[in-house]
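Undergrad: Protein sequence lines, in the order shown, are assigned to chains V and H.
Per my numbering, residue 1 is the first one in the first sequence, and the count goes up by one each step.
Per my numbering, residue 1 is the first one in the second sequence, and the count goes up by one each step.
The hints are simulated quantities; they were obtained by calculation from the structure and are not laboratory data.
These numbers come from a predicted model, not from an experiment.
Heads up, the beta-carbon is just placed ideally off N, CA and C, and yes, glycines get one too.
Reference excerpt, derived from the structure (chain H facing chain V, CB under 10 Å, subset only):
1. TYR74
2. ASP76
3. GLY77
4. GLY141
5. SER153
6. PHE215
7. SER217
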Amino acid sequence: MSSHDRTPTRRTMLRAGSAWVLGSLLGPPRGETKAAQPASRSLRPARSRVVLIRRPEVLRGDGSIDPAVLRAMLNEAVASLLEAPSSAAAWQRLVKPADVVGIKSNVWRSLPTPAALEQAVRSEVLAAGVMPANVAVDDRGVRDNPVFARATALINARPMRTHAWSGLGTCLKNYIMFVPRPADYHDDACARLAEIWRQPALEGKTRLNVLVMLTPQFHTLGPHSYSPEYTWRYGGLIVGTDVVAVDAVGARIIEARRRAHFGDGRPLNPPAHHIRAADTRFALGNADPAAIDLVRLGPRAEMLI
Amino acid sequence: MRHGLVPVLAVLVFAAGPGTSCSRSQPDGPDHRAARWSTPGPAEQAVIHLPDAVDGWAASEPQRVHDRETIYDYIDGLAEVYLAYGMTRCVSRRYGRPNPPGDLVADVFELASPEDAFGVFTVDRDGEPVPIGGDALYRHGWLSFWTDRYFVSVVAQGDPGGIREPVLALGRIIAGALPGGAGRPALVGELPPRDLDPRSVRFLRHPQILNTHVFVSDGNPLGLAPDTAAALGRYERSGGRGHLLLVDYPDAGRAAAAAGRFQADVLGGAAGDGAATLGDRGAFAVRSTGRRVAAVLGATTPAFARELLAAAPAPVGGTP
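Sequences and hints are given; from them, build the entire structure.
TA: And the structure:
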């Protein structure tokens, strides 16, 4: 895992006032000046390593997922992320046999976390020595799940999609089910989502974030917020320990896809500025591309970043 | 029979008429969540029966009715939009066809009033206008329209290719059996027409809906509530662009209090009708006249903000 820079540095002091180079999709957190106050204790790494892996063959012709390819992608990405000699070594660094591991999934009907990915993560956690009774996969029930209640480690996995309240359904957004009233975080396009991550019960527990980019959704349509017209076969995963950096990379891909599809640079409505706010306001991680070391694995064609 | 191809009377609606059934007793408090819409009693509720088939598509399940609690399970992620417009129930039904396989989903949302149905319709105004109901739009397999106090969605959940006609046909059947004739909210018609982008016009009562279109602030400085009505429109001319918001309150006291909070909380105490520039969010301004507040949001220049504010009409009946 990357080390956390918990001591404010000159760079971290300057960055709050620096000009942002992110695209328009993220947008500045509304009501926040560029001299936003960083959180008192920064969890932001000096730099964030993020792995983007693509394997087109993970999606079969009929759109179903090849579980073996998906698991291989996950393992290759995790090994690369931690610069470990093998995926097994990487997982053993992520979780210890004594850990209690909650795998936070997402069950949204139209684009859920693939069951094959849930199973792959669970299998690797078990292979790292964690006892089966100490591993659980959950989404809506995390607040009542006894394994999550005593979890010492969390692994966060969900698909990227556009979202009516937060602009994008991100790994940051995926923890909204840990609070009793998710709607309390809907104001200002969910700009305060990172506040959830800084709650004592959650802060520092997340060992890995997996943003699923197999068939990302780049636009929202109708009451059910979904149309296959606005998804595409990307065949990717974005993996990292810094959730902000993972989401920032995913957001840039969505932005690129929207530019290509609509041709008019239309911004997300609402903007996904919770990603930037997680950096500037809550000092949770790096949203600035200049602070992200992006490792690209797989075909570069149409990688969009 | 309007639906022609359907051999039975597919939709029967005995509606209560256009009257508003919501309780509009929200006090002038900042917490919109305190507001509660009353649910119509059985005598008020229309009987809605969605058709069993249309254009080769057959219902794949009985219709279902979702209330203000179960709607969260049904349309995960977007229920708050409909609740913000006083949704009392949603009647839904799924349709399928064997070849090529596909799904259509029809949802009839019953809102608090025709104004609210129009308001839901204005949440997403992308699309091609089609002549169904009060206003209707079609895009990429999704038809949305409003009529009376109903907002209707028909959406294809598979490949949208070749789906347009069945979607429109189902929409026409549903519209033909629902009440009609209600006009757009009167307040919408009071937005000054010059340089107004008609596709930008929204009707709303909830601060979160407003913030989705143009961010004002966290919280609810304008005191938007079920007993208020707001119309929003975007203006663009050579001198600039920005949004004008008109909000009508039950009385002048609440309007004045809302304008005062906006001055203090959003404009940081800027005096009078002067426009305040809020960083890169643009220029904002506010004024109350009688029971109406007019606010300019995110104008490109203070001069344009003042110009838009000056064009805002006073409420009918003038200043009490």
